[in-house]
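The sequence shown maps to residues 1 to 269 in our numbering.
There could be a bad hint or two in this list.
[Claimed, not checked] Straight-line alpha carbon distances no greater than 20 Å define the calculated DMTMM-like cross-link-like pairs of lysine to aspartate or glutamate that follow:
1) Lys72 x Asp48
2) Lys102 x Asp71
3) Lys227 x Asp246
4) Lys74 x Asp112
5) Lys213 x Asp151
6) Lys72 x Asp245
7) Lys159 x Glu190
8) Lys74 x Asp245
[Unchecked claim] Here are the simulated distance ranges between beta carbons:
9) Glu139 x Val230: 30 to 40 Å
10) Lys227 x Lys74: 13 to 23 Å
11) Gln235 x Val53: 20 to 30 Å
12) Arg138 x Gly97: 11 to 21 Å
13) Gly178 x Ser40: 35 to 45 Å
14) Gln235 x Ala46: 18 to 28 Å
If you're looking for bench data, these hints aren't it; they were derived computationally from the structure. Just so you know, even glycine gets a beta-carbon here, dropped at the ideal spot from N, CA and C.
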Amino acid sequence: MSFLLDYPFELGHSIFLMARGWRRASVPMEGSFLYLKDPSQREGVAVDELPPVPPGSLRLAFISDTHEQHDKVKIPEVDILMHCGDMLLANRHFTTGYSEGKLESFLKWFGDQPAKHKVFIAGNHDLVIEALGVEAVRERLPNGVTYLEGDAVELEGLKIWGCPASTGKSGNKAFQQGDDPCGELGKIPEGSDVVLTHVPGTWCGQLSGALEKCAPQVHACGHVHRKYGVHRIGQVLSVNAAVVDDAYAVSKLAIVVDVPRPQGQCASD
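Required output: the full structure, derived from the provided sequences and hints.
Written as C-alpha coordinates, this is what we have:
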(Lines of atoms letter the chains of each structure in order from A and count residues from 1; the text may use other names and numbers.)
(Lines give C-alpha, C1' and ligand atoms only; values in the text may rest on other atoms or scores of the structure.)
Protein backbone atom coordinates (compact mmCIF):
# COMPACT_ATOMS: atom_id res chain seq x y z
CA MET A 1 0.00 0.00 0.00
CA SER A 2 3.06 2.25 -0.09
CA PHE A 3 1.78 3.70 -3.36
CA LEU A 4 -0.87 5.54 -1.34
CA LEU A 5 1.91 7.78 -0.03
CA ASP A 6 2.87 8.89 -3.54
CA TYR A 7 0.10 11.48 -3.73
CA PRO A 8 0.80 13.24 -0.40
CA PHE A 9 4.49 13.28 -1.31
CA GLU A 10 3.62 14.75 -4.71
CA LEU A 11 1.66 17.53 -3.03
CA GLY A 12 4.60 18.13 -0.69
CA HIS A 13 6.98 18.37 -3.64
CA SER A 14 4.73 20.90 -5.36
CA ILE A 15 4.60 23.05 -2.23
CA PHE A 16 8.38 22.71 -1.86
CA LEU A 17 9.04 23.93 -5.40
CA MET A 18 6.50 26.75 -5.09
CA ALA A 19 8.04 27.99 -1.85
CA ARG A 20 11.55 27.71 -3.24
CA GLY A 21 10.51 29.63 -6.34
CA TRP A 22 9.29 32.50 -4.17
CA ARG A 23 12.69 32.84 -2.57
CA ARG A 24 15.13 32.24 -5.40
CA ALA A 25 18.78 31.74 -4.54
CA SER A 26 19.83 33.73 -7.61
CA VAL A 27 18.53 36.25 -10.12
CA PRO A 28 17.40 34.57 -13.38
CA MET A 29 19.90 35.00 -16.19
CA GLU A 30 19.05 37.31 -19.05
CA GLY A 31 19.00 35.93 -22.57
CA SER A 32 17.89 32.60 -24.00
CA PHE A 33 21.12 30.59 -24.19
CA LEU A 34 24.72 30.70 -22.96
CA TYR A 35 26.80 30.41 -26.14
CA LEU A 36 30.40 29.37 -26.83
CA LYS A 37 31.56 29.60 -30.43
CA ASP A 38 34.13 26.82 -29.93
CA PRO A 39 35.66 24.71 -27.11
CA SER A 40 38.63 27.05 -26.72
CA GLN A 41 36.41 29.75 -25.16
CA ARG A 42 36.91 30.48 -21.47
CA GLU A 43 33.51 32.06 -20.95
CA GLY A 44 30.13 32.00 -22.59
CA VAL A 45 27.97 34.85 -23.84
CA ALA A 46 24.27 35.06 -22.98
CA VAL A 47 22.37 35.59 -26.23
CA ASP A 48 18.73 35.92 -27.22
CA GLU A 49 19.36 34.36 -30.61
CA LEU A 50 22.14 32.05 -31.73
CA PRO A 51 24.31 32.87 -34.76
CA PRO A 52 24.36 30.45 -37.71
CA VAL A 53 26.37 27.29 -37.16
CA PRO A 54 29.90 27.85 -38.53
CA PRO A 55 30.79 25.75 -41.59
CA GLY A 56 32.32 22.43 -40.61
CA SER A 57 30.90 22.55 -37.08
CA LEU A 58 28.30 20.74 -35.01
CA ARG A 59 26.05 22.52 -32.54
CA LEU A 60 25.70 20.91 -29.10
CA ALA A 61 23.43 21.93 -26.22
CA PHE A 62 23.81 20.89 -22.59
CA ILE A 63 21.37 20.97 -19.68
CA SER A 64 21.31 19.29 -16.28
CA ASP A 65 19.39 19.21 -13.01
CA THR A 66 15.99 20.08 -14.42
CA HIS A 67 14.33 18.41 -11.39
CA GLU A 68 10.91 17.87 -12.99
CA GLN A 69 10.86 21.44 -14.33
CA HIS A 70 12.15 20.62 -17.81
CA ASP A 71 9.22 22.39 -19.48
CA LYS A 72 10.60 25.71 -18.16
CA VAL A 73 13.90 25.32 -20.05
CA LYS A 74 14.27 26.78 -23.54
CA ILE A 75 16.04 24.46 -25.97
CA PRO A 76 17.47 25.67 -29.32
CA GLU A 77 17.65 23.75 -32.57
CA VAL A 78 20.89 21.76 -32.35
CA ASP A 79 22.59 18.65 -33.67
CA ILE A 80 22.85 16.95 -30.28
CA LEU A 81 21.07 17.82 -27.01
CA MET A 82 22.59 16.32 -23.85
CA HIS A 83 21.24 16.10 -20.28
CA CYS A 84 23.64 15.38 -17.41
CA GLY A 85 21.18 13.88 -14.93
CA ASP A 86 18.75 14.74 -12.13
CA MET A 87 15.67 14.82 -14.30
CA LEU A 88 13.63 14.03 -11.17
CA LEU A 89 13.40 15.66 -7.75
CA ALA A 90 13.54 13.72 -4.44
CA ASN A 91 12.71 10.46 -6.19
CA ARG A 92 13.50 8.39 -3.09
CA HIS A 93 10.11 9.41 -1.66
CA PHE A 94 8.10 7.64 -4.39
CA THR A 95 7.37 4.07 -5.41
CA THR A 96 9.01 2.78 -8.57
CA GLY A 97 5.66 2.45 -10.32
CA TYR A 98 4.70 6.06 -9.65
CA SER A 99 8.18 7.26 -10.58
CA GLU A 100 7.98 5.52 -13.94
CA GLY A 101 5.27 8.02 -14.85
CA LYS A 102 7.60 10.89 -13.95
CA LEU A 103 10.33 9.36 -16.10
CA GLU A 104 7.91 8.89 -19.02
CA SER A 105 6.92 12.56 -18.78
CA PHE A 106 10.55 13.63 -19.03
CA LEU A 107 11.27 11.25 -21.92
CA LYS A 108 8.33 12.53 -23.94
CA TRP A 109 9.46 16.12 -23.46
CA PHE A 110 13.09 15.24 -24.20
CA GLY A 111 12.17 13.32 -27.34
CA ASP A 112 10.13 16.27 -28.63
CA GLN A 113 12.98 18.79 -28.43
CA PRO A 114 14.43 20.30 -31.65
CA ALA A 115 17.60 18.22 -31.83
CA LYS A 116 18.62 15.52 -34.29
CA HIS A 117 19.91 13.41 -31.41
CA LYS A 118 19.28 13.46 -27.66
CA VAL A 119 21.53 11.82 -25.07
CA PHE A 120 21.14 11.66 -21.30
CA ILE A 121 22.61 10.11 -18.18
CA ALA A 122 21.10 9.76 -14.71
CA GLY A 123 21.92 11.59 -11.49
CA ASN A 124 21.64 10.89 -7.79
CA HIS A 125 17.97 12.03 -7.75
CA ASP A 126 16.99 9.53 -10.46
CA LEU A 127 16.44 6.45 -8.30
CA VAL A 128 13.83 4.97 -10.63
CA ILE A 129 16.46 4.62 -13.37
CA GLU A 130 18.75 2.70 -11.04
CA ALA A 131 15.81 0.55 -9.86
CA LEU A 132 14.64 -0.28 -13.38
CA GLY A 133 18.08 -1.06 -14.75
CA VAL A 134 19.71 0.05 -17.97
CA GLU A 135 17.94 -2.36 -20.34
CA ALA A 136 14.46 -1.57 -19.01
CA VAL A 137 15.16 2.15 -19.33
CA ARG A 138 16.35 1.76 -22.90
CA GLU A 139 13.19 -0.12 -23.83
CA ARG A 140 11.22 3.04 -22.94
CA LEU A 141 13.22 5.50 -25.02
CA PRO A 142 11.60 7.48 -27.85
CA ASN A 143 13.22 7.43 -31.27
CA GLY A 144 16.37 9.53 -31.37
CA VAL A 145 17.03 9.31 -27.61
CA THR A 146 20.06 7.51 -26.14
CA TYR A 147 20.67 6.64 -22.47
CA LEU A 148 24.28 6.11 -21.34
CA GLU A 149 25.38 4.33 -18.20
CA GLY A 150 29.13 3.80 -18.22
CA ASP A 151 29.20 3.31 -22.00
CA ALA A 152 29.41 5.29 -25.22
CA VAL A 153 27.64 6.13 -28.45
CA GLU A 154 28.87 7.67 -31.70
CA LEU A 155 26.65 10.37 -33.21
CA GLU A 156 27.51 12.66 -36.12
CA GLY A 157 31.05 11.29 -35.85
CA LEU A 158 31.40 12.35 -32.18
CA LYS A 159 32.19 9.68 -29.60
CA ILE A 160 30.10 10.47 -26.50
CA TRP A 161 30.73 8.66 -23.19
CA GLY A 162 28.52 9.07 -20.14
CA CYS A 163 28.45 7.85 -16.54
CA PRO A 164 25.94 8.68 -13.73
CA ALA A 165 28.18 7.97 -10.71
CA SER A 166 28.55 10.76 -8.16
CA THR A 167 29.17 11.56 -4.50
CA GLY A 168 27.46 13.93 -2.09
CA LYS A 169 25.74 14.37 1.25
CA SER A 170 22.18 14.50 -0.08
CA GLY A 171 19.67 11.86 0.99
CA ASN A 172 19.23 11.08 -2.72
CA LYS A 173 21.77 8.32 -3.31
CA ALA A 174 21.12 6.82 -6.74
CA PHE A 175 24.35 5.68 -8.38
CA GLN A 176 26.35 6.51 -5.24
CA GLN A 177 26.66 3.05 -3.72
CA GLY A 178 29.86 1.12 -2.99
CA ASP A 179 33.18 2.02 -1.44
CA ASP A 180 34.30 4.09 -4.42
CA PRO A 181 31.29 5.22 -6.49
CA CYS A 182 33.46 7.60 -8.50
CA GLY A 183 35.91 4.90 -9.51
CA GLU A 184 34.00 4.38 -12.76
CA LEU A 185 34.61 8.00 -13.69
CA GLY A 186 38.30 7.30 -14.15
CA LYS A 187 37.51 4.90 -17.02
CA ILE A 188 36.87 7.38 -19.81
CA PRO A 189 37.73 5.61 -23.09
CA GLU A 190 40.54 7.00 -25.19
CA GLY A 191 39.25 8.94 -28.16
CA SER A 192 36.13 10.28 -26.42
CA ASP A 193 35.04 13.60 -27.90
CA VAL A 194 32.34 14.46 -25.35
CA VAL A 195 32.15 13.23 -21.76
CA LEU A 196 28.94 13.44 -19.71
CA THR A 197 29.05 12.99 -15.95
CA HIS A 198 26.68 14.07 -13.22
CA VAL A 199 29.41 15.12 -10.81
CA PRO A 200 31.85 17.96 -11.62
CA GLY A 201 35.44 17.03 -12.32
CA THR A 202 36.64 19.05 -9.34
CA TRP A 203 34.69 16.73 -7.01
CA CYS A 204 36.44 13.60 -8.15
CA GLY A 205 40.19 13.12 -8.58
CA GLN A 206 39.71 10.06 -10.80
CA LEU A 207 37.51 12.08 -13.14
CA SER A 208 39.71 15.17 -13.36
CA GLY A 209 42.76 13.00 -14.00
CA ALA A 210 41.00 11.01 -16.72
CA LEU A 211 39.74 14.20 -18.39
CA GLU A 212 43.24 15.69 -18.53
CA LYS A 213 44.59 12.42 -19.92
CA CYS A 214 41.88 11.78 -22.54
CA ALA A 215 41.34 15.46 -23.43
CA PRO A 216 37.81 15.38 -24.89
CA GLN A 217 36.54 18.45 -26.70
CA VAL A 218 33.87 19.01 -24.05
CA HIS A 219 33.08 17.69 -20.59
CA ALA A 220 29.58 18.46 -19.26
CA CYS A 221 28.16 17.92 -15.78
CA GLY A 222 25.68 19.28 -13.21
CA HIS A 223 24.98 18.19 -9.60
CA VAL A 224 26.41 21.29 -7.89
CA HIS A 225 23.88 23.96 -8.83
CA ARG A 226 25.92 26.95 -7.72
CA LYS A 227 28.81 25.91 -10.01
CA TYR A 228 26.80 26.51 -13.20
CA GLY A 229 28.86 27.92 -16.02
CA VAL A 230 32.08 27.54 -17.97
CA HIS A 231 35.18 26.03 -16.37
CA ARG A 232 38.37 24.35 -17.48
CA ILE A 233 40.05 21.20 -16.22
CA GLY A 234 43.56 21.55 -17.56
CA GLN A 235 42.95 22.37 -21.20
CA VAL A 236 39.52 20.71 -21.32
CA LEU A 237 36.35 22.78 -21.56
CA SER A 238 34.07 21.72 -18.69
CA VAL A 239 30.54 23.14 -18.53
CA ASN A 240 28.26 22.78 -15.53
CA ALA A 241 24.80 22.92 -17.08
CA ALA A 242 22.63 22.78 -13.93
CA VAL A 243 19.69 25.04 -14.79
CA VAL A 244 18.27 25.37 -11.27
CA ASP A 245 19.80 27.33 -8.43
CA ASP A 246 20.25 26.20 -4.83
CA ALA A 247 16.56 26.97 -4.19
CA TYR A 248 15.60 24.62 -7.05
CA ALA A 249 14.23 27.51 -9.12
CA VAL A 250 15.00 27.44 -12.84
CA SER A 251 17.24 30.46 -13.33
CA LYS A 252 19.99 29.37 -15.73
CA LEU A 253 20.22 28.83 -19.49
CA ALA A 254 20.98 25.87 -21.71
CA ILE A 255 24.68 25.97 -22.66
CA VAL A 256 25.37 25.81 -26.39
CA VAL A 257 28.80 24.93 -27.78
CA ASP A 258 29.83 24.72 -31.44
CA VAL A 259 32.52 22.07 -31.99
CA PRO A 260 34.49 21.11 -35.10
CA ARG A 261 32.89 18.30 -37.05
CA PRO A 262 35.19 15.23 -36.99
CA GLN A 263 37.36 14.90 -40.07
CA GLY A 264 35.74 12.89 -42.81
CA GLN A 265 32.23 13.66 -41.57
CA CYS A 266 29.85 15.58 -43.79
CA ALA A 267 26.75 17.43 -42.64
CA SER A 268 23.72 15.15 -42.75
CA ASP A 269 20.73 16.10 -44.85
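Results of checking the hints against the structure:
no.: 1; hint: Lys72 x Asp48; in the structure: holds (16 Å)
no.: 2; hint: Lys102 x Asp71; in the structure: holds (13 Å)
no.: 3; hint: Lys227 x Asp246; in the structure: holds (10 Å)
no.: 4; hint: Lys74 x Asp112; in the structure: holds (12 Å)
no.: 5; hint: Lys213 x Asp151; in the structure: holds (18 Å)
no.: 6; hint: Lys72 x Asp245; in the structure: holds (13 Å)
no.: 7; hint: Lys159 x Glu190; in the structure: holds (10 Å)
no.: 8; hint: Lys74 x Asp245; in the structure: holds (16 Å)
no.: 9; hint: Glu139 x Val230: 30 to 40 Å; in the structure: holds (36 Å)
no.: 10; hint: Lys227 x Lys74: 13 to 23 Å; in the structure: holds (21 Å)
no.: 11; hint: Gln235 x Val53: 20 to 30 Å; in the structure: holds (24 Å)
no.: 12; hint: Arg138 x Gly97: 11 to 21 Å; in the structure: holds (19 Å)
no.: 13; hint: Gly178 x Ser40: 35 to 45 Å; in the structure: holds (37 Å)
no.: 14; hint: Gln235 x Ala46: 18 to 28 Å; in the structure: holds (24 Å)
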